[in-house]
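Trainee: First residue of the sequence shown? That's 4 in our numbering, and the numbers climb one at a time after it.
None of these hints come from the bench; they were simulated from the model.
Just so we're clear, the structure is a prediction, and the values are computed from it rather than from any experiment.
One thing to keep in mind: the hints can contain errors.
Unchecked claim - Using C-beta positions, here's what the derived DEER-type ranges look like:
1) 140 <-> 260: 30 to 40 Å
2) 122 <-> 181: 37 to 47 Å
3) 234 <-> 90: 25 to 35 Å
Said to hold, decoys possible - In the DSS-like style, the derived pairs of lysine-lysine whose C-alpha atoms are separated by at most 27 Å in a straight line are:
4) 290 <-> 171
5) 171 <-> 149
6) 77 <-> 97
7) 203 <-> 171
8) 227 <-> 171
Where is the CB? At the ideal position from N, CA and C, for every residue including glycine.
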Amino acid sequence: MTTPTEAAQEAIRRMDELAIATDLHVQRTKASFQYSAGKSDPAVLIEGKTGRAFFDLKTLRRTGRDARAARVHKSLLLLSSEPVQLDVAAIPCKDLLEHWDEAISTAIGPFLGLTPAQLAAPSEPPEVLEVRSLIAAGESARVEFKSSARWDQRLDGRNKAMEDEVVKTVAGFANSKHSGTLLIGVAPDGSVLGLDHDFKLVRPQDADGFENWLTTLLTTRIGKTPAADVRISMVRVSRQHVCVVRVDPSSAPVFDRDGKETVRFFVRMNNSTRDMNVEDALDYARKRFEWGPAD
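Let the hints inform the model, and build the full structure from the sequences given.
Mentor: Set out below in structure tokens:
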């Protein structure tokens, strides 16, 4: 069963997609501003604590758009399972989602001043749709999410363990029999967090700087040849940067050399990456790469 918070998050995601597709900016209302600090439009229309979507119809009337305000109010009355106020209308997000297409055409569109042509705006670029599809499918043997590559929210600063996890995942994918994709900037639950904090720890402090830093990290840890086969790209999803790291199966064993003496061998197993001891690594390498001394 969907909780109010989950419904609000899904409504925010859909509204963000609508904003990106239409290049939309929404004026914040007093009711929504309390929740929306730091959020991108039009998520400002969502009040997360109560799981409701707000529509400031008083502002529409005050700016001389009474016909639009009346149409929105009528639509919300039909969509909502709860009473809808005349001025600052609010409906449960679950009602909004259950009737999303109808809400877009009869309520959200008129409220935001969108024409039918704008509502039918082209879809997002293929690379964005691909990332959304990967996120929707969740983590698996071929897909892994990492919230960050350097920044640890709990420590409020850099944590080398975050970097180690990224290298571990890339090496594990390279040593597996199938290709894999690592998404950095996406939480385990699929929430798109972005890389703003990580950007502050690289030079220059932007997507290019992050990509250059990650390339250097992989080159140092797994070697130039394996790192050269890793494809890194930056994709904007819900106005946040997500780093997409695509890894093909390697033709030779890939080791993580964290320091001069520490060498580790990782393998992707189902939806996790495991560290192998020397005996298991040699046995796996013989079977996977036809490498090493025969039995």
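Trainee: All the hints need checking, so say for each whether the structure fits it.
Mentor: Do the hints match the structure? See the list:
no. : hint                    : verdict
1   : 140 <-> 260: 30 to 40 Å : 33 Å, holds
2   : 122 <-> 181: 37 to 47 Å : 40 Å, holds
3   : 234 <-> 90: 25 to 35 Å  : 52 Å, violated
4   : 290 <-> 171             : 21 Å, holds
5   : 171 <-> 149             : 12 Å, holds
6   : 77 <-> 97               : 18 Å, holds
7   : 203 <-> 171             : 23 Å, holds
8   : 227 <-> 171             : 16 Å, holds
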